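S.K.: Here are the chains, one letter per residue:
Number of protein chains: 4
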Amino acid sequence: MIRVGVIGYGYWGPNLVRNFSEVAGAQIAAVSDFSADRLALVRRRYPGVTTTGDCGEMIQDPSIDAVVIATPVSSHFELAMRALEQGKHVLVEKPLAGTSSEAALLIEAAERRRLVLMVDHTFVYTAAVRKIRELVSSGALGDVYYYDSVRVNLGLFQHDVNVIWDLAVHDLAILEYVIAERPCAVSATGMSHVPGGLANIAYVTAFFENNLIAHIHVNWLAPVKLRRTLIGGSQRMIVYDDLEPSEKVKIYDKGITVKSNGPESVYKVLIGYRTGDMLAPQLDLTEALRTEAQHFVQCIEEGSRPVTDGGAGLQVVRLLEAATHSMNHRGQVVEVGKGQAVAA
Amino acid sequence: MIRVGVIGYGYWGPNLVRNFSEVAGAQIAAVSDFSADRLALVRRRYPGVTTTGDCGEMIQDPSIDAVVIATPVSSHFELAMRALEQGKHVLVEKPLAGTSSEAALLIEAAERRRLVLMVDHTFVYTAAVRKIRELVSSGALGDVYYYDSVRVNLGLFQHDVNVIWDLAVHDLAILEYVIAERPCAVSATGMSHVPGGLANIAYVTAFFENNLIAHIHVNWLAPVKLRRTLIGGSQRMIVYDDLEPSEKVKIYDKGITVKSNGPESVYKVLIGYRTGDMLAPQLDLTEALRTEAQHFVQCIEEGSRPVTDGGAGLQVVRLLEAATHSMNHRGQVVEVGKGQAVAA
Amino acid sequence: MIRVGVIGYGYWGPNLVRNFSEVAGAQIAAVSDFSADRLALVRRRYPGVTTTGDCGEMIQDPSIDAVVIATPVSSHFELAMRALEQGKHVLVEKPLAGTSSEAALLIEAAERRRLVLMVDHTFVYTAAVRKIRELVSSGALGDVYYYDSVRVNLGLFQHDVNVIWDLAVHDLAILEYVIAERPCAVSATGMSHVPGGLANIAYVTAFFENNLIAHIHVNWLAPVKLRRTLIGGSQRMIVYDDLEPSEKVKIYDKGITVKSNGPESVYKVLIGYRTGDMLAPQLDLTEALRTEAQHFVQCIEEGSRPVTDGGAGLQVVRLLEAATHSMNHRGQVVEVGKGQAVAA
Amino acid sequence: MIRVGVIGYGYWGPNLVRNFSEVAGAQIAAVSDFSADRLALVRRRYPGVTTTGDCGEMIQDPSIDAVVIATPVSSHFELAMRALEQGKHVLVEKPLAGTSSEAALLIEAAERRRLVLMVDHTFVYTAAVRKIRELVSSGALGDVYYYDSVRVNLGLFQHDVNVIWDLAVHDLAILEYVIAERPCAVSATGMSHVPGGLANIAYVTAFFENNLIAHIHVNWLAPVKLRRTLIGGSQRMIVYDDLEPSEKVKIYDKGITVKSNGPESVYKVLIGYRTGDMLAPQLDLTEALRTEAQHFVQCIEEGSRPVTDGGAGLQVVRLLEAATHSMNHRGQVVEVGKGQAVAA
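Protein chains in written order, with numbering that gives the first Met the number 0: chain A, 0 to 343; chain B, 0 to 343; chain C, 0 to 343; chain D, 0 to 343.
Chain A extracted, bound-state conformation:
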């Protein structure tokens, strides 16, 4: 039985606690939070769980096997590092850390102690995103031409990170999981409309070495909630709408056909339009966080590497850094290198 401690019982922590308490092989042993009210709520809901206002206690408690961190981004590195140093397996809410050098240090620390370091890239554990990865990797889409995501709503403004770190992080994590290649460059634009200067609307383009282009639109100040991704391939195209109650992934047998009359006639190419059936595959309805919690527990038990390991977390943080830098320079392109994971 793996004994899990959770740091932070604010917005996301309750979901983590609820899911870990229902995973076979694990139990929630302790929860820490700054707020006494939040801890009282934990005790009411989970009478057997120890609560504490001092997460240091939990981190040092030898009966705790794994620590789950659901705190503001700025504290991720310090808490995760302390937990790793105490020999705990660690699951960190996205993004893994506030800088890529911090993320690299966490990877190194986990590797050295052969501990599981996992980042909570939640969407990677949804049936929809897993289906999309399957469609991409099986070649059903053909060559992938673009990934275009819109993730907007009214609220929740964050106080320590801009909207890219809060929302685009989901799409960067999905890209890392779904697409075999990694971006080579990033260009981003955005704007702040509140005092403090953290951008609340942003547009991120990621370039790849082939002609794949990814674009992410995130916005905390939209009149409606939208979660819609278009993925275009040479053979098929996908509309993924996470707000659809059942038909979240729609696969369109659509595309273009290109005919040219020889190399010299490159500008007289003839484009034809191909359109066939649309299929919305049935998707498993298991909550993503349940699947994720089970995966974390299994990785600890088996000593295996998680799908969303430190390397994935680092890659996403690198792109977040690059995007923020580009946004601060009104779209100036930022090369992001080969994007190899440190651990490799």
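The set of hints was computed from the structure by calculation and includes no laboratory data. Just so we're clear, the structure is a prediction, and the values are computed from it rather than from any experiment. Beta carbons: idealized from backbone N, C-alpha and C, even for Gly. It is possible that some hints are incorrect.
[What the hints assert, rightly or not] Derived BS3-like pairs (lysine-lysine); straight-line CA-CA distance at most 30 Å:
(1) 224/D <-> 224/C
(2) 224/A <-> 249/B
(3) 249/A <-> 224/A
(4) 249/B <-> 224/D
(5) 249/D <-> 249/B
(6) 224/D <-> 249/C
(7) 249/C <-> 224/A
(8) 224/C <-> 130/A
(9) 258/B <-> 224/A
(10) 224/C <-> 224/A
(11) 249/D <-> 249/A
(12) 130/D <-> 224/A
(13) 224/B <-> 258/A
(14) 130/D <-> 249/C
(15) 224/C <-> 130/D
[To be verified] Now the stretches of chain C that chain D is said to cover, found in silico as 3 or more residues with beta-carbon under 8 Å:
(16) 138–147
(17) 225–239
Guided by the hints, dock chains B, C and D onto chain A, whose structure is given.
M.R.: Structure of chains B, C and D alone, referenced to chain A:
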């Protein structure tokens, strides 16, 4: 009675001919096209109209008062200039010309001869866009924070211009009409997925001197057709969906409230969310092109300046040039100056 | 070349004329209407067509081979009968006639002279309804359990028939085409909210000898336009939404599974729910009326029986009569017999 | 502090327990259920709550003030009567009882002991339905012409009641709350597609003494979930879609205008169509069951009559009986009298 000649009876020409034939004070006198089949179609539909394969004839015909140009972009300048030199009033399909210097020459030529030069920025003549302008200029939205447009579908790939010139032109024309300020800089990204290298997907950001940001996503290779614009203001926000059969414009009484505890506490600003009713105002259903044709005729009759005059056409072409340049340099920002119309 | 005369150039007539003028093997020879303005419109659009205010002329014109009737329902019988008596093939806008005895007389008259008598059950010629028929007749749906249609909008109130005769007629025609069996009884309710007493909202249930049930909701006074049909089968279910631009027919691999523990435990039956993929098949985009016009011409040329022949028209009229009778008696069931076509 | 006991912890019971545990002035004292597993779940979630497999214990427990019944319909009467006889206030899940005579006996028993008897007509406590009632009673809709509801999905088949008792009950409860008049007659049709013969699809028409007509379509075997109600009035019309995340109620300023040329020309009436803005009012997001639980507690504290009292429950049961009878006779109309509440 103003006698109108139309050059080009391909995709858009028939709509122009149909609408001008129903405007009081005007009549379609002649239509030219390269294709004998297309001209036969004109004669079948409009038995009284002269048809010709040589637009030069029409341009020199002294009985023709005004020429409407609905040909590929690359021919706009030459045809419009010839018509102006023959003393004809001219309406040019969007964009006004293939370069901003060409557009400036057209403006100058029209001014010299006191002729009407108008560009077919169709959306400016829709009830939806006029309502949006009214909401912006009356202050109902408050400060405008962003304009975000998605204009994607499968097809129609153009052979002489990229997708920015084909589709983003609509949004740039709407911006020119709706927003009192003009952009000061542009950053764009995009990609081509067909031989020939013309981008078929593109993302354009326009910056303004205040904190307004505009973004346009255009795509010829999308599995679904979308025409949806979000406009965020400090007081209200708009969703404009041109594919909605009746409720095209939805006005949300939503936004944020900002409280801070003084100048030093700028990062501890408190964001509140405000949400009220949504209103979808009734919109006049007149076809935009009818309104536009009437406006062109009226400007000729009264010697007045059209809403979408040469200056508006030039401004849009400048932004198209800047966006294409930026896209070719992976998002590098391009300053577009004060954007004063040449004629001013 | 089959020469066609059209009686009535009001709401539907222009669509008939436009489609027949583009069918190979046919030409519009004449159009009649009471209104001189409407006839002027015909001449402007179709300069070669003869127009007349007296449909009698057209009916007696020996150069006319076929007559298409697009007039109010109350005149269908008289005009169709006169045309048949003059040896013309006849296509009548739905419903075939104002009473079933009139419809039977038309069938008899056409049979006697070996003329084609066809009713304009337009939806039967759409790709969507043809796909649905294919799914039903191939057994893909399994046993058909129900057909449920909603057909509502604001307007167009008719002056001579109630909303059942105006709108439910479409669904009764679809049922006649899609379902092998015919209804054995009808129950209907409805209400009038305008002077004159013609029901503007109605609900029609059709019973079959097996456990299939059909229901049609029609309404001239709805705030939104809806055209949505649910068809439930033991194996699959369909949502047919005629207002969807592309995915009009969605096939759901959904249903229930029934397990019981033996004949005595009939009330303890265990229901399981089965849910699989959804498929929206590609549909041909040809306008239904074009297909229909071609079919009429082909039937005349080949002397064959149309899909929507007099028998289909009669059956629909019988059900309209039964539904109106039931509605006038607040849902009292009306048996409609075996519903065998007169001609059989 | 009012001590509440809940009988039944199956599908709906957990929602009742959760909401009552968060209402000021009340506490969940005990929960009973036949299933030991369900009771274990209660203890895990609510450690302080007494659980029992014998609801008789709870009913006789003098420390319990109020009993909430969330069991199959067939047991409502017996359990509610026993609780009333023990002096408990009672809240019964919809419908109040399995027959109208049982419902009348419950009303009488509660009146005699001056106890609160309330039925869980949940939708009456939603902000959407309360807004609709306000629009109707203020006259904003004008004369109400029709109420048309569609409430369909796949599952949950009930074992002791047909789909009318399971789903149409919601609409009958809404009608009872929203419309000042009560139906005078009912006609219903329906069908069973599973062994056991309980109808799984049904259509219910309710007639009123004026020209208002109500219709309810309920179906356990639909491929998609729909919860959509159209309400038509002479001045305005409503679309109420309970599945819309935010804009559940849309008010259309639409309708018809009727002109006639005098009393004799009643059939030549001229219908005009009037269309204006659409407004979606902001709605309070409080969970209906929370509002309802608070109301129950308040009625006990103040000795006041609940909005959904026994009379409302009886009226709904009467209509359910009438509809089932009519359905069993294929739509035969059933008069339901003046529908005065027993207690009046």
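S.K.: Take the hints in turn and mark each one as holding or not.
M.R.: Comparing the hints with the structure gives:
1. 224/D <-> 224/C: holds (19 Å)
2. 224/A <-> 249/B: Satisfied, since the Cα-Cα distance of roughly 14 Å is no more than 30 Å.
3. 249/A <-> 224/A: Given that 30 Å is the threshold and the Cα spacing comes to 19 Å, the pair holds.
4. 249/B <-> 224/D: With Cα atoms ~26 Å apart, residue 249/B and residue 224/D stay inside 30 Å; holds.
5. 249/D <-> 249/B: Holds, at about 12 Å.
6. 224/D <-> 249/C: holds (14 Å)
7. 249/C <-> 224/A: holds (26 Å)
8. 224/C <-> 130/A: violated (35 Å)
9. 258/B <-> 224/A: holds (24 Å)
10. 224/C <-> 224/A: Given pair residue 224/C, residue 224/A holds - Cα atoms ~25 Å apart, limit 30 Å.
11. 249/D <-> 249/A: holds (29 Å)
12. 130/D <-> 224/A: Judged against 30 Å, a Cα distance of about 24 Å means the pair holds.
13. 224/B <-> 258/A: holds (24 Å)
14. 130/D <-> 249/C: violated (34 Å)
15. 224/C <-> 130/D: With a Cα-Cα distance of about 23 Å, the restraint between residue 224/C and residue 130/D holds, given a limit of 30 Å.
16. 138–147: Three-residue rule met by the region 138–147 of chain C, so holds; n is 3.
17. 225–239: Held - the region 225–239 of chain C has 6 residues with a Cβ nearer than 8 Å to chain D, which meets the minimum of three.
Of the hints listed earlier, those the structure fails to meet are numbers 8, 14, in rising order.
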